[in-house]
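Student: As given, the protein sequences belong to chains A and B, one line each in that order. Per my numbering, residue 8 is the first one in the first sequence, and the count goes up by one each step. Per my numbering, residue 262 is the first one in the second sequence, and the count goes up by one each step.
Just to be clear, a hint being listed does not mean it is correct.
As the list claims (entries may be wrong) - Just so you have them, the derived chain A footprint on chain B, three or more residues with Cβ under 8 Å:
#1 346 to 359
#2 380 to 389
#3 421 to 429
Stated by the list, open to error - In silico contact screen, one side only, chain B against chain A (beta carbon under 8 Å); selected entries:
#4 R274
#5 A276
#6 L338
#7 N411
To be verified - Just a sample of chain B residues kept apart from chain A, beta carbon distances all over 10 Å, derived:
#8 Q263
#9 K265
#10 E316
#11 L336
#12 P341
#13 V412
#14 A439
Hints were generated in silico from the structure; no laboratory data involved. Ideal placement from N, C-alpha and C gives every residue a C-beta, glycine not left out.
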Amino acid sequence: MKRKDILDLDDFTPEEISEVLETADAMKEILSRPIKKVPALRGKTVVNLFYEASTRTRISFELAAKNLSADVVNVATSASSVVKGESLVDTIKTLQALGADIIVIRHPQSGAPYLVAQHLEGSVINAGDGWHAHPTQALLDLYTIRENLGTIAGLSIVIVGDILHSRVARSNIWGMTKMGAELTLCGPETLLPVLDRTGSTNAFPEVRVEHNLDKAIEGADVIMALRLQKERQRGGLLPSLREYIQLYQLTKERVARAKPGALVMHPGPMNEGIEIAPEVAHGSQSVIEEQVTNGVAVRMALLHLLSGDGGDKA
Amino acid sequence: MQEKTIMSEEDVRRALIRIAHEIIERNQGVQDVVLIGMRTRGVPLARRLATNLGEFEGAEVPVGELDITLYRDDLELRRPHPVVRSTNIPVNLNDKRIVLVDDVLYTGRSVRAAIDEVIDFGRPRLVQLAVLIDRGHRELPIRPDYIGKNVPTSRDEEVRVRLKETDGEDRVVIIRPAG
Chain A
8 MKRKDILDLD
18 DFTPEEISEV
28 LETADAMKEI
38 LSRPIKKVPA
48 LRGKTVVNLF
58 YEASTRTRIS
68 FELAAKNLSA
78 DVVNVATSAS
88 SVVKGESLVD
98 TIKTLQALGA
108 DIIVIRHPQS
118 GAPYLVAQHL
128 EGSVINAGDG
138 WHAHPTQALL
148 DLYTIRENLG
158 TIAGLSIVIV
168 GDILHSRVAR
178 SNIWGMTKMG
188 AELTLCGPET
198 LLPVLDRTGS
208 TNAFPEVRVE
218 HNLDKAIEGA
228 DVIMALRLQK
238 ERQRGGLLPS
248 LREYIQLYQL
258 TKERVARAKP
268 GALVMHPGPM
278 NEGIEIAPEV
288 AHGSQSVIEE
298 QVTNGVAVRM
308 ALLHLLSGDG
318 GDKA
Chain B
262 MQEKTIMSEE
272 DVRRALIRIA
282 HEIIERNQGV
292 QDVVLIGMRT
302 RGVPLARRLA
312 TNLGEFEGAE
322 VPVGELDITL
332 YRDDLELRRP
342 HPVVRSTNIP
352 VNLNDKRIVL
362 VDDVLYTGRS
372 VRAAIDEVID
382 FGRPRLVQLA
392 VLIDRGHREL
402 PIRPDYIGKN
412 VPTSRDEEVR
422 VRLKETDGED
432 RVVIIRPAG
């Protein structure tokens, strides 16, 4: 893979996505071994720089780096000079001077990883920035779909919920459409982004929008529910939580309208009983736990592929 | 560039029959023997040896596939990295007699990586090495137990093993730079 950073999937080619998924296959085999560790990244330092709380993504990156024998440093910004007012760029320069080869960053501001990438000689992986992007989550979602259904091209995939504020959905929209899936976005009008249909190069990929979940889900191969942040109701974007649950909760009856064996996915953390019914979240069609395991394999693949780059590095 | 055939299809077949007999002799049968082919061409060679061992001893010998990419000591120097393929070890390796199989033995660094990887799967009783071609120029203290053919080479020559499974023909050639 010829790239220095992984910031979003909008500039990935389908071939690059396939390369990541194929490498993740080999990494998943390592996770099944008695000794889940290979020496590929020995002597490399991976820094997890998280400006936002996270359990699964941070631990997933930490395990991925450790499985490849990298040295891992976790920076909790609440206990760093960030609280003294140190700027993001200064923090990055300090980490670079301390020998960071790859920085994994999560930041509440959209675009922060792009700024970091400009100031770092090493590689940057975006672990979630604001409402903008979460490329590693999208790649693990693609991996989980391909692993279960054998392909992504031609599948009918529904993403339901708060698309507007979801960086997971945004990256998945790029990834899934690039891999040839037919994508339907479903949610209340207030929680869907205004789609750019101007035909410009930055235009949103071709997707279908459907406000009625029962209609959207008809014949789907994959249904992905997104977490509803409860503050959206207080912010006036939802009339009531009860109405949202009635119209958009992923229930057993609704899932039954999809194809038999359709996958149920969720990027977590879940609000069970709100966007997804507990019996669906833990039902036989749910691959939510697999998504978590696959996250480690996909992140191992990305760390490995980035460490092999160099052609484009400053 | 000059290309010269150093092993024909028949030579390859005979070499693999001989190596199979040597494996049986040295291990007093094939009890607990596991063949592990090193990707790419070690894998079909290991499968052919397993077929031979099956014919001679009437016993099925398990075959594993090993990808050593993540264990290489030159990953840092190889950009972009070679594609990683899955490793597939079908049996528990504890207390087994492992025969690593590769097409060409050169510096010994790939074998070093393969031994490291095998040991991460368990504690074999012993590890032996079978190669179709030993071309010399070792950089590590590694010596094969079974050799199809010794081929003295210079460093600027290239030895290519072509197999039906991967290349459509069985032939070993040596490529010498012109002049």
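Student: For each hint, tell me whether it holds in the structure or not.
Tutor: Evaluated hints:
1. 346 to 359: Check passed, 4 qualifying residues.
2. 380 to 389: holds (count 3)
3. 421 to 429: Violated - the stretch 421 to 429 of chain B has 0 residues with a Cβ nearer than 8 Å to chain A, which falls short of three.
4. R274: 32 Å, violated
5. A276: This interface hint is violated because 31 Å lies over the 8 Å limit.
6. L338: This hint is violated: B/L338 lies away from chain A, its Cβ roughly 10 Å from the closest one there, beyond 8 Å.
7. N411: Nearest chain A Cβ about 31 Å off; hint violated.
8. Q263: Non-interface label on B/Q263 holds, nearest chain A Cβ at 33 Å vs cutoff 10 Å.
9. K265: Holds, because the least Cβ-Cβ distance between B/K265 and chain A comes to about 35 Å, which exceeds 10 Å.
10. E316: 31 Å, holds
11. L336: 6 Å, violated
12. P341: About 5 Å separates B/P341 from the closest Cβ of chain A, which leaves it inside 10 Å; violated.
13. V412: Per Cβ check, B/V412 is outside 10 Å of chain A; nearest 31 Å; holds.
14. A439: Holds: least Cβ distance 30 Å, greater than 10 Å.
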